[in-house]
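**Q** So you can see what is in the structure, the chains are spelled out below.
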Amino acid sequence: EAGVAQSPRYKIIEKRQSVAFWCNPISGHATLYWYQQILGQGPKLLIQFQNNGVVDDSQLPKDRFSAERLKGVDSTLKIQPAKLEDSAVYLCASSLGGAVAGPGGELFFGEGSRLTVL
Amino acid sequence: GDSVTQMEGPVTLSEEAFLTINCTYTATGYPSLFWYVQYPGEGLQLLLKATKADDKGSNKGFEATYRKETTSFHLEKGSVQVSDSAVYFCVLNTGFQKLVFGTGTRLLVSP
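Same order as they appear, the protein sequences are chains E and S.
Residue 51 in our numbering sits at position 51 of the first sequence; the count goes up by one each step and never skips.
Residue 11 in our numbering sits at position 11 of the second sequence; the count goes up by one each step and never skips.
Quick caveat, the hints were computed from the structure, so don't treat them as lab data.
Bear in mind that the values here come from a model prediction, so they are computed numbers and not experimental data.
Careful, some of the hints might be misleading.
Pairs of lysine-lysine, DSSO-like flavour, derived with a Cα cap of 27 Å [to be verified]:
1. E/K15 with E/K44
2. S/K52 with S/K98
3. S/K77 with E/K78
4. E/K83 with E/K11
5. S/K98 with S/K68
6. E/K71 with E/K15
7. E/K15 with S/K98
8. S/K98 with E/K71
9. E/K62 with E/K44
10. S/K52 with E/K78
11. E/K44 with E/K11
12. S/K68 with S/K56
13. E/K78 with E/K44
14. S/K98 with E/K44
15. E/K62 with S/K98
16. S/K77 with S/K56
17. E/K83 with E/K44
Calculated Cβ distances over 10 Å to all of chain S for the following chain E residues [as the list claims (entries may be wrong)]:
18. Y10
19. K15
20. R16
21. W22
22. G28
23. K44
24. G53
25. D56
26. L70
27. K71
28. G72
29. K78
30. Q80
31. L91
32. E106
33. E111
Glycine included, C-beta positions come from ideal geometry on N, C-alpha and C.
Build out the structure end to end from the sequences listed, making use of the hints.
**A** Pasting the structure below:
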């Protein structure tokens, strides 16, 4: 079974530039997440989708970050304009979601996209 | 709010030593608890889980018991190997698959 795919793996940009990350979840997974992992910290949830609707985006800095999940499958996360403090690994995860998965449902993570802002 | 506190690393051990990584949590309701592991150059993956009090999760020789009275979920392994070197995250699921991560503990095992 194919895992969660993310691209690009690495990106280096100047501050104030824009960047986009792409995620393809595991087939059939209704729930998709974007996490931000700053060096030395645990991942922090940015946004959670259930199919193509947003469940939680309370920690997404909406003045510069945006995310969409068209057709309830692939997702893109965009940062515009980037700041130095956005340097982090951006993790995408997916799960079956909803009552099927229950509270013990497992999240499956991609390898992440490492962003360096200079 | 819901939170997870885990011991800071790095934890440095020799091969075959006993491992404990402490984890305590604060949550309302009845969360599920997980340990996720991140091996060098790889994505996060589930190591083990427990969905209710007194449950014991186990996998690959690792164990953790969900202790509601002490709000803890400590990770243990009787004999670590070099291949266990990784970052370990204690994680809380407050429901609807919303995860709260600890800061991670790096384990370094030397031959």
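**Q** Now tell me, hint by hint, if it's right for this structure.
**A** Consistency of the hints with the structure:
Between E/K15 and E/K44 the alpha-carbon distance is near 22 Å, which keeps this suggested pair within the 27 Å criterion. Between S/K52 and S/K98, the direct Cα distance comes to roughly 16 Å. Compliance with the 27 Å bound is thereby established for this hinted pair. For the given pair, S/K77 sits about 41 Å from E/K78 by alpha-carbon distance, which is inconsistent with the 27 Å threshold. The suggested pairing of E/K83 with E/K11 holds, with an alpha-carbon distance near 14 Å, which does not exceed 27 Å.
Pair hint S/K98 plus S/K68 holds up; C-alpha atoms about 20 Å apart against a cutoff of 27 Å. For the hint linking E/K71 to E/K15, the alpha-carbon distance of about 31 Å lies beyond 27 Å, and the restraint is violated. About 31 Å separates the Cα atoms of E/K15 and S/K98, which puts this hinted pair outside 27 Å; it is violated. Restraint check: the Cα-Cα separation between S/K98 and E/K71 comes to about 22 Å, which is no more than 27 Å; the hinted pair holds.
In summary, the hint linking E/K62 to E/K44 is supported, as the alpha carbons are separated by about 15 Å, within the 27 Å threshold. With a C-alpha separation of about 38 Å, the suggested pair S/K52 and E/K78 falls outside the 27 Å cut-off, and the hint is violated. A C-alpha spacing of about 20 Å is found between E/K44 and E/K11, which places the hinted pair at or below 27 Å, so the restraint holds. Of the pairs offered as hints, the one joining S/K68 and S/K56 holds, with about 12 Å between alpha carbons and a cut-off of 27 Å not exceeded.
Annotation: proposed proximity of E/K78 to E/K44 holds, straight-line Cα distance about 16 Å (limit 27 Å). With a CA separation close to 11 Å, the supplied pair S/K98 and E/K44 stays within the 27 Å bound. For a cut-off of 27 Å, the pair hint linking E/K62 to S/K98 stands: about 20 Å separates their Cα positions. Our distance criterion of 27 Å between C-alpha atoms is met by S/K77 and S/K56, whose separation comes to about 13 Å.
For a cut-off of 27 Å, the pair hint linking E/K83 to E/K44 stands: about 17 Å separates their Cα positions. Distance check for E/Y10 against chain S: the nearest CB is about 12 Å away, which clears 10 Å, and the non-interface claim stands. The Cβ of E/K15 sits about 26 Å from the closest Cβ of chain S, beyond the 10 Å cut-off, so the non-interface label holds. At roughly 30 Å from the closest C-beta of chain S, the C-beta of E/R16 stays outside 10 Å, upholding its exclusion from the interface.
In this structure E/W22 is separated from chain S by more than 10 Å, as the shortest Cβ-Cβ distance comes to about 15 Å. A cut-off of 10 Å between C-beta atoms confirms that E/G28 is not in contact with chain S; the least separation is 15 Å. A Cβ of chain S approaches the Cβ of E/K44 within 10 Å, the least distance being about 7 Å, so the stated non-interface status is violated. For E/G53, the non-interface assignment is confirmed: its Cβ lies about 13 Å from the closest Cβ of chain S, beyond the 10 Å cut-off.
With a minimum CB-CB distance of about 7 Å to chain S, E/D56 fails to clear the 10 Å threshold, and the non-interface call is violated. Non-interface status of E/L70 relative to chain S is upheld: no Cβ of that chain comes within 10 Å, the nearest being about 21 Å off. At roughly 21 Å, the least C-beta separation between E/K71 and chain S is larger than 10 Å, which holds for a residue marked as non-interface. Under the 10 Å C-beta cut-off, the non-interface status given to E/G72 relative to chain S holds; the minimum distance is some 16 Å.
The non-interface label for E/K78 is consistent with chain S: the shortest C-beta to C-beta separation is roughly 21 Å, beyond 10 Å. With a cut of 10 Å on Cβ distances, E/Q80 stays outside the contact zone with chain S, its closest approach being about 26 Å. At the 10 Å boundary, the C-beta of E/L91 falls inside the reach of chain S, the nearest C-beta of that chain being 7 Å off. With a least CB separation of 5 Å from chain S, E/E106 falls inside the 10 Å interface cut-off, contrary to its annotation.
With a least beta-carbon separation of about 4 Å from chain S, E/E111 fails to lie farther than 10 Å from that chain, contradicting its non-interface assignment.
Violated hints, listed in ascending order, are 3, 6, 7, 10, 23, 25, 31, 32 and 33; each of the other numbered hints is respected by the structure.
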